[in-house]
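Q: Here is what each chain is made of, one letter per residue.
Protein chains: 4
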Amino acid sequence: MRLKGVIPPVCTPLTPDGEVDATSLVRLVDHLLGGGVDGLFVLGSTSEVAYLTDAQRRVVLDTVTGHVGGQVPVLAGVIDMTTPRVLEHVRVAVEAGVSGVVATAPFYTRTHPDEIRRHFRTVAARGGLPVYAYDLPVSVHTKLGADLLLGLAAEGALAGVKDSSGDDGGLRAVILGREAPFSVLTGSEVTVDSALWMGADGVVPGLGNVDPEGYAELYRCAVRGDWEAARAQQERLVRLFEIVRVGGTRMGGSSSGLGAFKAALHLRGVIDCSITALPQIPLNDDEVGRIGKLLAAAGLL
Amino acid sequence: MRLKGVIPPVCTPLTPDGEVDATSLVRLVDHLLGGGVDGLFVLGSTSEVAYLTDAQRRVVLDTVTGHVGGQVPVLAGVIDMTTPRVLEHVRVAVEAGVSGVVATAPFYTRTHPDEIRRHFRTVAARGGLPVYAYDLPVSVHTKLGADLLLGLAAEGALAGVKDSSGDDGGLRAVILGREAPFSVLTGSEVTVDSALWMGADGVVPGLGNVDPEGYAELYRCAVRGDWEAARAQQERLVRLFEIVRVGGTRMGGSSSGLGAFKAALHLRGVIDCSITALPQIPLNDDEVGRIGKLLAAAGLL
Amino acid sequence: MRLKGVIPPVCTPLTPDGEVDATSLVRLVDHLLGGGVDGLFVLGSTSEVAYLTDAQRRVVLDTVTGHVGGQVPVLAGVIDMTTPRVLEHVRVAVEAGVSGVVATAPFYTRTHPDEIRRHFRTVAARGGLPVYAYDLPVSVHTKLGADLLLGLAAEGALAGVKDSSGDDGGLRAVILGREAPFSVLTGSEVTVDSALWMGADGVVPGLGNVDPEGYAELYRCAVRGDWEAARAQQERLVRLFEIVRVGGTRMGGSSSGLGAFKAALHLRGVIDCSITALPQIPLNDDEVGRIGKLLAAAGLL
Amino acid sequence: MRLKGVIPPVCTPLTPDGEVDATSLVRLVDHLLGGGVDGLFVLGSTSEVAYLTDAQRRVVLDTVTGHVGGQVPVLAGVIDMTTPRVLEHVRVAVEAGVSGVVATAPFYTRTHPDEIRRHFRTVAARGGLPVYAYDLPVSVHTKLGADLLLGLAAEGALAGVKDSSGDDGGLRAVILGREAPFSVLTGSEVTVDSALWMGADGVVPGLGNVDPEGYAELYRCAVRGDWEAARAQQERLVRLFEIVRVGGTRMGGSSSGLGAFKAALHLRGVIDCSITALPQIPLNDDEVGRIGKLLAAAGLL
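Protein chains in written order, with this note's numbering: chain A, 1 to 301; chain B, 1 to 301; chain C, 1 to 301; chain D, 1 to 301.
Hints in this document: simulated from the structure, not taken from any laboratory.
All values reported here derive from a predicted model rather than from experimental measurement.
Possibly wrong hints are sitting among the right ones.
Result set (DSSO-like, lysine-lysine): computed pairs, CA atoms no more than 30 Å apart in a straight line [what the hints assert, rightly or not]: (1) A:143 to D:293; (2) C:143 to D:143; (3) A:143 to B:4; (4) C:143 to A:293; (5) D:293 to B:143; (6) C:4 to C:143; (7) B:143 to C:293; (8) B:293 to B:143; (9) D:143 to B:293; (10) A:4 to A:143; (11) D:143 to B:143; (12) A:143 to C:143; (13) A:143 to C:293.
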């Protein structure tokens, strides 16, 4: 069965001292489920997985799988540098009862395509549950080509791909080249209607934390073939997505994007504290104010 | 007191099933100390730190600090994506009794220079022992500029730098701009004489696993001002360094380099097994044979 | 008036000794016009502009503008490293009577965004005809952001953009942020239906040399709102686009792509000789044979 | 005969309206020859070759070769995107009577190593005079590896290399692997003593425009084996090289570096006007003042 629909990467609310705020996390999960999403992706880049300790990752996994109780599929990111470290995260995720894991190509190391293949094959063989490739060149500095993905799909090592490369031509090559049941999910917030139009199965939008109803509505419009309405919804979300640029050049792109999602969730009353993990620079009051205005303009405040 | 001399990044011998081979590791440590090195750097890139699980990293730390018993300084790599994860590794390293830690800038995330500063400051403040910056753009995709390093040195957040950027102009800017006791160590295997000539304090050569005597001799020549002899030694080591290219284009640069060091250590009888961690592609018999010839040409077999 | 429709970048047929084959070029222009295109873009990357001498560029300009005689707009690439050199090409293009020029950001040099702005402003001010920005990070190593483009559009320095960045999220930001009459053209061969769906005005497809009818039909379907038919046409063209990968890894991407277009034009009887300029590696007989099969599968032989 | 010594890349003085100031150029050539340099490299990156029109390039060639009259070798950059365009520049340079040409790998295009080889072979075969490879990854986005350079040297296609890659390990591999008479010249301003120590034949320092005596003295010290004096001279020049950073982040690196050299030449009375070509941002009065202070500190005002 092919995974599909809206599967947001779930933000990880933190307490002021930097620990996982499980109460806020449960509230966020309810906010997302109430918004009509079809699954949850925990421990992705938007979840600040790169900043969470292993103990914190485990708290997130247990909190979310425990609360969701099988209502929707829960995918878990197993983000680490190489195969042995990824396998450790897979083991923990399996124990927590997730539906599948999401793994990148190795990073930090200099890795050959044949080694990337070996990596995914090993994760699939030892993990014992569906593996989704996470294509994120901005972080991993490798682009997963259509040939590599389709080859691994054909041999059963991959159940799907979350494509956050921004390369919709490559996305389409995978869609047209695949054989069922390989699931193609776009990680873009701003080309979801067109990805679905091309045949993508779903979307994993960080902005879906802030406006799950928007993405759920977009997806429903697409499924019933009302593409005009899907586009109108998408264009509204493109404007909302401007919140990630409020931080500007005085901080890194991770701080600006993740900080905006958390500030918006705080303004909407979903999480208690908008803090992001070290060493990210926090948004200031003026910047949060501008995020509030963009939320209001989108009808979310 | 400024750290100086030859401080090789210690390879991590593995058993055929991929676990740390502590017996071989102890033998390697003795081989290095017997070769006249001035310190040890465990859990660096050459140690396959990116491939070792946290449990394996701890075995390495305990094995080496336990065996060395304070004869020479032991530095530990605390390689991970961001501050909170790095702090976990620092805590373990402190428990193991190391002399200092070696940390990169954040990777995987998109990080601003001010965030890199915040990262090193936090690691230094919470770690409570000397922090050395690890400048490795090929892995981290950020170059640590002289201004950033010298600023952090001036405020006491950094005790030194291991420069594996290959940018000896940048290295020199740090050397000429620093104020004691900031230690500048080159990570290059092939420009050690010139780095010492410029005023570097020492060297962290991966190839030093294979030929510690060579680098120790090079360093002694430089200290006593016999630069002609230092250069001759260096040129011999440049030729030996060809072993890292034997793997060619059928594997990644990490596999080719780390595989060559381990194959050489196995051929020299130091470690029991030359296996590298997943997903690296192993060298084949022909390639190991060519490494053997290069070792013989260098007088090491 | 906003430029729109199908505006293929016209290949430059060469004689066996590497000179411009004006006879074949005229035949190619007729093939394109007969195929229903709305304009022509000469001296783009697909035209091998980077390989043509200034004298050859002038032959192309004069041949095409002379033959077209104002039936459709002719745009000319003015591809060079910096402003003064670009201005020379603009002068020649103006003399030849083109409708507009297409310029990249400076390359080879290390250029600040404010300098990129100054570059486009100067080209616009001195050229005296519409300037289209050419966003091609794979060649220029700079991505033209939506803010930069929209700012230059607002002040009248740019008449449009040819976006060959592959970043359709960025394309959409320009579309939604622009004010008429700024023309947005995608340079993608494989996401044309979705770009038009988002509101793009047209397309500049290299593959349009080979199958102008296909892109013209795709565009007409989109204009009349028959998106299903547009998608079907696009998917056929995606499969045809496989010809650019036939060259594989034994040559550069430029050779593989440009060689495939020319081989296909030769097989279709449009140009006399499929040679590409130095130092490109030519496709061999086997590769040309595979291109023939892909053409046949697309109904073009 | 192997080219050697100090061969500065000659700045191109411009008049306020952006034309070549031949009078100032002659004065600059005299300043360099009087400073004791061993050759001249015109139309390099430091000469703003990327900004000069073909007509301006020709003025530079004729002015310098005419004035030098064979006293020292004159090399000419033939900087352009691909082989046919480079060959045009070679033809003009040969007519002007230069001693050799300096060519990069192709840029703008996506080029395979075998195509880079074909490029240099063609330039050498058709040019009929010595060809020096220009290794400048920051502009060309390709690194010329030691294997490629040494292979082309062995077959006689290359007479030498100007290495501006900053990778002194790679420089050393070429030095140790070469067979006479392949000339290795470093393009670094700040590691000249160490490059000569490794066996390099000479240096092509942009900063040599400002202080030719300094580099000439450094070279003489090295030749006579007085390495301590060479290092002291080099360290003085490292401090002077700070002038290239005065422009900071409000302009591109090209503007900052080339602007500093020209401002210094103007302050020293060598050239009439410090203007740089479009679209470079000029240094302001404050920045020029800081350059003046650095010149004074180096004993040059």
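Q: With reference to the structure, classify each hint as holding or not holding.
A: Hints, verified against the model:
{"no.": "1", "hint": "A:143 to D:293", "result": "violated (48 Å)"}
{"no.": "2", "hint": "C:143 to D:143", "result": "holds (22 Å)"}
{"no.": "3", "hint": "A:143 to B:4", "result": "violated (40 Å)"}
{"no.": "4", "hint": "C:143 to A:293", "result": "holds (29 Å)"}
{"no.": "5", "hint": "D:293 to B:143", "result": "holds (29 Å)"}
{"no.": "6", "hint": "C:4 to C:143", "result": "holds (23 Å)"}
{"no.": "7", "hint": "B:143 to C:293", "result": "violated (48 Å)"}
{"no.": "8", "hint": "B:293 to B:143", "result": "violated (36 Å)"}
{"no.": "9", "hint": "D:143 to B:293", "result": "holds (29 Å)"}
{"no.": "10", "hint": "A:4 to A:143", "result": "holds (23 Å)"}
{"no.": "11", "hint": "D:143 to B:143", "result": "holds (18 Å)"}
{"no.": "12", "hint": "A:143 to C:143", "result": "holds (18 Å)"}
{"no.": "13", "hint": "A:143 to C:293", "result": "holds (29 Å)"}
When each numbered hint is compared with the structure, violations occur for hints 1, 3, 7 and 8.
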